[in-house]
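Residue numbers (the UniProt record's numbering), protein chains in the order written: chain V, 1 to 360; chain Z, 1 to 279.
Possibly wrong hints are sitting among the right ones.
Using 30 Å as the maximum straight-line C-alpha spacing, the simulated BS3-like pairs for lysine-lysine come out as follows [stated by the list, open to error]:
1. K170(V) with K207(V)
2. K207(V) with K21(V)
3. K21(V) with K78(V)
4. K207(V) with K78(V)
5. K21(V) with K92(Z)
6. K92(Z) with K78(V)
By construction, these hints were calculated from the structure, which means they are not laboratory data.
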Amino acid sequence: MTDLSSALTLSAISKTFGPLKAVDSLDLSVEPGALVSLLGPSGCGKTTTLRMVAGFDSPDSGTITIGGEDMTRLPPNKRGLGMVFQSYSLFPHRTVGENIAFGLRMGGASKQVQDGEVRRMLDMVHLAGREDMYPAQLSGGQQQRVALARALVVNPRVLLLDEPLGALDKSLRESMQFEIREMQQRLGITALLVTHDQEEAMSMSDKIAVMHGGRILQLGAPNDIYDRPETAFVATFLGNSNLFEGRVRDGVLVTKAGALPLPSRPAAETATLSVRPERVVLGDDAATLPQNLRGRITAASFRGAYAAYQITLDGSGTEIIAYRQADTALGQTSLAAGAEVRVGWPVEHGVIVTGSAPKE
Amino acid sequence: MMPTVTLSNGARRALLLAPALIFLAVFFVMPLLDNSARSFIREGGFTLSRYTDFLTDRFYLGVIAETVILSAAVTAISVLIAYPVAYVLVRKAGGFSGLMIFFLIAPLLTSIIMRTFGWQVLFARRGLVNQWLVNDLGLLDAPLRWLNTPGLAIAALVHVLVPFAVLSIASVLQGVDRRLEEGALMLGASRIRTFFEVTLPLTVDGIGTGAILVFMIANGSFVTLVLLGGGFQTLPLLIYQQFNTTRDFALASTMSTILLMIALACLWLQLRLLRRQGV
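Here chain Z stands alone, though its shape is the one from the complex:
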């Protein structure tokens, strides 16, 4: 006879969750707490001075502004590109929608570092694009400088983030009853008018969710800006500098806590949006 052990439901649940919880506690919560604690402690006592210093410094405020503006620009471009793609995916692709989703998701299976290197290879001084433009097509006399331009960095970020926006918008667009649009057409609205009067307002939640997602990821993006440059001075880059060059861990911690707060604010916004949708 096997000895039987009876567990209450609560105990069983706790046992099943334990490995994940322990893992998260050791590798996520504790480092996070340790990191933010460093920003609040000075000479053994609690202090907010680093935050007040940081948030009153024009340079650092500029960095926060630049981070947010860059993310907002990337978000706006991503959503503008993603909407038509999502529309085609849901409305026009028919049997090809599966293939389209595959092509959208496939890049996400490649590490972001590899993808960014791809951009470097394509747009290097003697890269493929310049090769084409100068040698093959003869459009230019001398190669263009692509790397370290803001445009290329933004393009690379958009490339990485567009799929997130497409999928968010597509999932909401999928739920829009075509007959609502037909109803508008019957009432004399042109196709364009129907889009702005019916389709777009009904997909605002998808745009919102996609935008917040893209904004959050863009806000924390680091690899792309390190590898492709562009002259941006954003929080993640500054944090990296503080850790590796200046070695001012406390300042780095302060900045990462602020970055975390921005992300949390976005999450809160997203939750509110979702809850409104549920009504």
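Extracted from the complex, chain V is given alone in its bound form:
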């Protein structure tokens, strides 16, 4: 039931606040029924972008269209969008039912229609029978579900989610991620999610747009971006990464840590190799790998499902991070701080990225 009239397109939109270029000639298109996340650190322009789509800010240049219709200069109340805020933003002086009916009432729906729709939405968000309660009487998760119902009841063309789970605690956040995603897919509604939480972005999105400095650095499916980051920034912002910078010579990367084989031949003379911590192999298993690195474990921490190790490489002193699944079968000793280990990774698990490691 995806509706072609709900495709969202941003073309070359820019927004400057004083000396700050918040959004810099950004292009993005969201297919009907898809959920795209804008992911990035604070100040990357993701919130400004969302606010321009909502109509609260207007771009200095560029156009925003929904279903081919130019929305750029339309006020927020004329755009027919739905929005869920981090702080829920339920009207505290109105009941749950009145909150949900608000959009219908503004649209001139009859009282019967309003009542019916409120009941239907409350059923959908598992809050049947709470219409006469006030928002303050509900828990955070329940309030967010009401906010979702309030945004969805008007059948918005696009649903905007502004850090919708930021105010919830971790366990609730995870179940709400599934719930919102499931509902969005079932209704086939186009959605734009703003978040700084990479887990949230990865578990909820069809596509993630990683933003930095007002631009989209990379756009793609979550696993695509995770496995094939194009820049050092993306490699370290989405997940963790070991970055090796060096010069390319005879198909290998000459780095401080030594000569490292590359998965492919880079065009440039210098390159950065990104290796995910979970791809790093430690101990005897690394003996057959081509990197031939050795180091000392300087820190080991148990993290439940896996263990994280910090290793200082011999000679160069380069520090790398490695994760190992907690599959320590009986008889196999887990590695401890102070141990000398071999370090390596299958060559094809390294990714060549542009840019260098962000300075801490």
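The hints should help you fit chain Z onto chain V, whose structure is shown.
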């Protein structure tokens, strides 16, 4: 060695409060009691007759009504003027909000008598305003009579009282989450509709507090009405007359007790409003 004196917490608190309490007792509570006692005592015995006489007299009831109506009018005008000012102060002034608050509060630093004299100087028969209208702009042939008109007295009262309403409304408006308004806009409400559906209901407490404050002060206002006239016959003016002209102290006491009761009723209302807010 200094001799040390140990006091219990209660004793220390009492000692610290004593100067203020003694001052209040001597200069506030005792005169108040003495004043109201005068209204209840006739020929050495207790009586309520002054109150029953006063509250059944059409003239005096008229005075109470006029006092309340004048205060209500001043309150309504003040709140209507104050709301937009508070809105600009909180929402639009940005870096200028400090300056705006200064301009709001600065008049309060001048004595009310001086400010009222200011109105007299401006609006006297040969005052600045008439000078402009007649001589400089040539809009009028003869000077207008401003002083002793009800409009000017009300305007002067509003001028004095608007800052109180602005500050009460602004403090509540400050606490309204802008995203609530954005939420309403997203749901299809126009800006005006958003104001009446969301902003205004959420600032009702500020309006209430400001209104009660203005009403109470207007109710007891005296200097402005004495100096600018306007033909109003209010309780404070009548009390002044009884003390200084008729010298019927007992009647004056009766009236001031009634005025005090009206003020207390307002305070009670305000407290109720605040308590509701706390829920």
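Going through the hints against the structure:
1. K170(V) with K207(V): holds (23 Å)
2. K207(V) with K21(V): This hinted pair holds, its Cα atoms lying about 25 Å apart.
3. K21(V) with K78(V): holds (27 Å)
4. K207(V) with K78(V): holds (27 Å)
5. K21(V) with K92(Z): At roughly 23 Å apart (the allowed maximum being 30 Å), K92(Z) and K21(V) satisfy the hint.
6. K92(Z) with K78(V): holds (24 Å)
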